[in-house]
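Here the structure of chain A is known, so what remains is to put chains B, C and D in place on it, guided by the hints.
There are 4 protein chains.
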Amino acid sequence: MMSTQTVRLLIACPDGRGIIAAAAGFLAEHGGNIVNADQHTDPAHGSFFMRVEIEVDGFTLDRTTFATAWEPLATRYDMRWHVEWGDRRKRMAVLVSRETHCLNDILWRWKSGEIDVDLAFVAGNHRDAESEVTSFGVDYHYLPVSAETKPEQEAELLRLIGAAEVDFVVLARYMQVLSPSFVAQFPQRIINIHHSFLPAFAGSKPYHQAFERGVKIIGATSHYVTDDLDDGPIIAQATLEVDHRDTVEDLVRKGRDLERVVLARAVRLHVQDKILVSNNKTVVFE
Amino acid sequence: MMSTQTVRLLIACPDGRGIIAAAAGFLAEHGGNIVNADQHTDPAHGSFFMRVEIEVDGFTLDRTTFATAWEPLATRYDMRWHVEWGDRRKRMAVLVSRETHCLNDILWRWKSGEIDVDLAFVAGNHRDAESEVTSFGVDYHYLPVSAETKPEQEAELLRLIGAAEVDFVVLARYMQVLSPSFVAQFPQRIINIHHSFLPAFAGSKPYHQAFERGVKIIGATSHYVTDDLDDGPIIAQATLEVDHRDTVEDLVRKGRDLERVVLARAVRLHVQDKILVSNNKTVVFE
Amino acid sequence: MMSTQTVRLLIACPDGRGIIAAAAGFLAEHGGNIVNADQHTDPAHGSFFMRVEIEVDGFTLDRTTFATAWEPLATRYDMRWHVEWGDRRKRMAVLVSRETHCLNDILWRWKSGEIDVDLAFVAGNHRDAESEVTSFGVDYHYLPVSAETKPEQEAELLRLIGAAEVDFVVLARYMQVLSPSFVAQFPQRIINIHHSFLPAFAGSKPYHQAFERGVKIIGATSHYVTDDLDDGPIIAQATLEVDHRDTVEDLVRKGRDLERVVLARAVRLHVQDKILVSNNKTVVFE
Amino acid sequence: MMSTQTVRLLIACPDGRGIIAAAAGFLAEHGGNIVNADQHTDPAHGSFFMRVEIEVDGFTLDRTTFATAWEPLATRYDMRWHVEWGDRRKRMAVLVSRETHCLNDILWRWKSGEIDVDLAFVAGNHRDAESEVTSFGVDYHYLPVSAETKPEQEAELLRLIGAAEVDFVVLARYMQVLSPSFVAQFPQRIINIHHSFLPAFAGSKPYHQAFERGVKIIGATSHYVTDDLDDGPIIAQATLEVDHRDTVEDLVRKGRDLERVVLARAVRLHVQDKILVSNNKTVVFE
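Each protein sequence line maps, in turn, to chains A, B, C and D.
For the first sequence, numbering that gives the first Met the number 0 begins at 0 and goes up steadily by one.
For the second sequence, numbering that gives the first Met the number 0 begins at 0 and goes up steadily by one.
For the third sequence, numbering that gives the first Met the number 0 begins at 0 and goes up steadily by one.
For the fourth sequence, numbering that gives the first Met the number 0 begins at 0 and goes up steadily by one.
Treat the hints loosely; a few may be bogus.
In this list, chains with the same sequence are indistinguishable; a pair is considered to hold if it fits within one copy or across any two.
Said to hold, decoys possible - Pairs of lysine to any residue, SDA-like flavour, derived with a Cα cap of 20 Å:
{"no.": "1", "residue 1": "LYS149", "residue 2": "TYR139"}
{"no.": "2", "residue 1": "LYS253", "residue 2": "ASP41"}
{"no.": "3", "residue 1": "LYS253", "residue 2": "VAL241"}
{"no.": "4", "residue 1": "LYS204", "residue 2": "GLU240"}
{"no.": "5", "residue 1": "LYS110", "residue 2": "GLU129"}
{"no.": "6", "residue 1": "LYS110", "residue 2": "LYS253"}
{"no.": "7", "residue 1": "LYS273", "residue 2": "GLU248"}
{"no.": "8", "residue 1": "LYS273", "residue 2": "TRP84"}
{"no.": "9", "residue 1": "LYS280", "residue 2": "ASP226"}
{"no.": "10", "residue 1": "LYS204", "residue 2": "THR59"}
{"no.": "11", "residue 1": "LYS273", "residue 2": "SER46"}
{"no.": "12", "residue 1": "LYS280", "residue 2": "HIS44"}
{"no.": "13", "residue 1": "LYS280", "residue 2": "HIS207"}
{"no.": "14", "residue 1": "LYS280", "residue 2": "HIS243"}
{"no.": "15", "residue 1": "LYS89", "residue 2": "GLN184"}
{"no.": "16", "residue 1": "LYS110", "residue 2": "PHE135"}
Hints are computed from structural coordinates only; laboratory data are not their basis.
If we strip away everything but chain A, and leave its shape as in the complex, we get (with noise of 0.2 Å):
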């Protein structure tokens, strides 16, 4: 698979000219063949966004040689960079409540290697969905919470993911908001589903807000977490045409086909490093 074989380097700077030239050329120069490139250019902010896929194979840099040799170019540009050396699968967690289509079609998907990653653990506020997972072979933890005890069980779920080494975590319909400062640990490392077509109803229960408008489309949003509540930066949507005949339940059961696959979408973009943030959007290079 790709994930094990490229090198992904992903690149923010403002616009200037020659910047894929310089790159492009720094990387043929220590061997490095393009598999893919990806750049965009946002003219409103005279940004310039870069993701270039390398092949392990003759590439002369590594994990420990590469930030010398880049830095250079990188000042010379004033770039933010990541490299993704893509030598082991990223670890993920997943956090779940009561309602289970997300996680099953994540474990299902994890589990026929669609989404190729490590799944360290599931944990929930609930114990619901835990022979679906146990079931699966992943481990599961309960951790219920109440207003008083949040800062125990953030700190509970902080400890499993340090001692998991966990890269990023799922929120599968975790219907808990993280409190900031467990937010502000996982900047675009915590992706959340939100199950309207934002910033069309925010906040709680999005099918019953969009019965009461009558709205003719339903939707579903994956966005990385902020400290503003359905507001992080969106990285991917869809929607779907109701009708009059559909109930507050139907509108739940149509959402549900809509929410797993925007997940899983989500969740794969990211496992790829094909997102990178700025100004509270996200550039998605599919």
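Frame of chain A, contents of chains B, C and D only:
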């Protein structure tokens, strides 16, 4: 065409036993052959809705005799009801500002017979659309407007509407807010197109709002105009995917393809008497 | 749930005057409160279709008395008709081969109650799905098959179906062609998912065919199985956009998201008795 | 506008190491600032594709000097390549028969500047579209055709195309099959819209075919015209849902909304030099 050959009966009432049988029985008794029947029960509000299309041929009731015959049944079930006799085309006026994509689309559909109405006139607060309209052989009224002249402008518009016996008004990207007193005279008879998937991005410059938020889908919404701006009953919506490469101008361009189709769909449904409104939501019998 | 509380009456007959009134009158006469009524006239074939859902509560006819009471009316209008009494869940069997995405999806929907059936068993010509099925507490029958053993294998399958009183069979990516004699025993009771937007790419390896042709959309189709391979009445279809970057493997992966949803939709419609078949086409009363 | 300010370089060659770096280096060396770069590797055929957009400002090569400078690199990598200098608008001719929805749509988009081309003329084998075309201030050539007069008609068409220096031809529902000798003169320069989701329902009356088959989605396909009818490289497709209530006439009507958008999208992509063809498939750099 159907539109001149069938009678349409629309009913809204509290839900109850035997309404369909009573209505169907009544119609059969008077020689009315049902060629189309739709009904909907809204359990959330305990409401019942029905639309029946009846062949004129054989139907022994007419414009003068129907109400008296029907009234007992209407009273029994506490019905709001309405009959369209289908013996004349509805008369439509279109308001426009500078952007003509929706207008051109409506003109083509009207000319080709796809929208089966009489087009009374087009009016606009700019001259941009004038030649386009007159090239279709349609009257164009230039009605400039400012904050000060708005009362006079709307009065003139009302006069034109009255003189031309207009049944309903289409706002084909008319960028003026109609006054409450104007709106009040045309309940469920003014159709607007808003260039976002409402309730997201209500108000002005929705594509700019969408760009700023970084959504991955954009949309368009047709709705009946009420006093609450962009908050009237939604008739139709559509969405399409966008991505980080799309500038505001791209959103505007792509959005036009949605706006045309969504507005045309709403107009067509209205013309065919397929829309019932209740609790600020629509029942659309497609 | 609705499914155990309403009687569903399905009717197909030549179009004619007064059918709706006659049917509605009959039901009212016997205390049947209509909670849902759909009808459709196909002018191309002069056919009329109706589906009526009636509250059990108050209905004075039952399984033993309905036919006699209804027969005169059925004869008068030359109806094919069918009643589902809704007093027991339908019983479903699922056949599978190696790919389990549709199977897993159905199992989850069944377990969660979204698909309101009894799941009699799953059978497959490979062992790949076995542990997944049994982890849901469902029986799995391993029925390997070759060209030579096909008659025996189908005989065994028939025996299992008979013993478990199965009402309908779902082919959840079952990659074997069922024999005409098998199919003949389950008219409109075997639901297949084909991984293309039929009639394009019928037969084997549709994603490879799609890749070779360079289409920009792929699709999935659920249909009732008939003797003509991939040519039975279509129940539901869905499509999604692809582009030149998608390899065959990408099409396969993206297609799975369509297949799951399209098959589940067909199964749900079948379970709710919302499908009528005529001229190898379906009338789907959603 | 971009279209007059950037040079577009399109490349297709066997895949190999260092192509991006070599091309980017070459351009940088000659002062060319890359404002857009897309590349695609097709592992199935071992092919590499690239499209680069370069600012004219600062680029030291031009129409007369580019080829000589570029040739060594092109030879080394065995490239097919093509440069568009962006110093003049492409010139378009449109062919039409009786149906004008696509034509009207193109005329509006051209007039509004959305499609950035010179519209040389419209020609048709009927007079239906004439007044619509001339009302836009565009020349209309009436070129009736029969089996016998086809060679003369196509000769006249060729003469008009030559005289008007037309770059590419759009078949906006032109219901005549162009002869192989005509087609041969415009490889990848004739764009057709077919009213089905090809390869389903190739040939005539696709909506009738779709109705007969009972599909639940219909589609439209834009493609380059080749000798094999409806079998040229697909540029864009779109689909929408239909159901049993839709008559053939409804499919035709709904399909028009697809045809307009899909054809316009293909024309736009062609005008922006965003399409590469290989193995009868398109690489579309959107």
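Exercise for review: Of all the hints given earlier, name the ones this structure violates by number, lowest first.
Suggested key: 10
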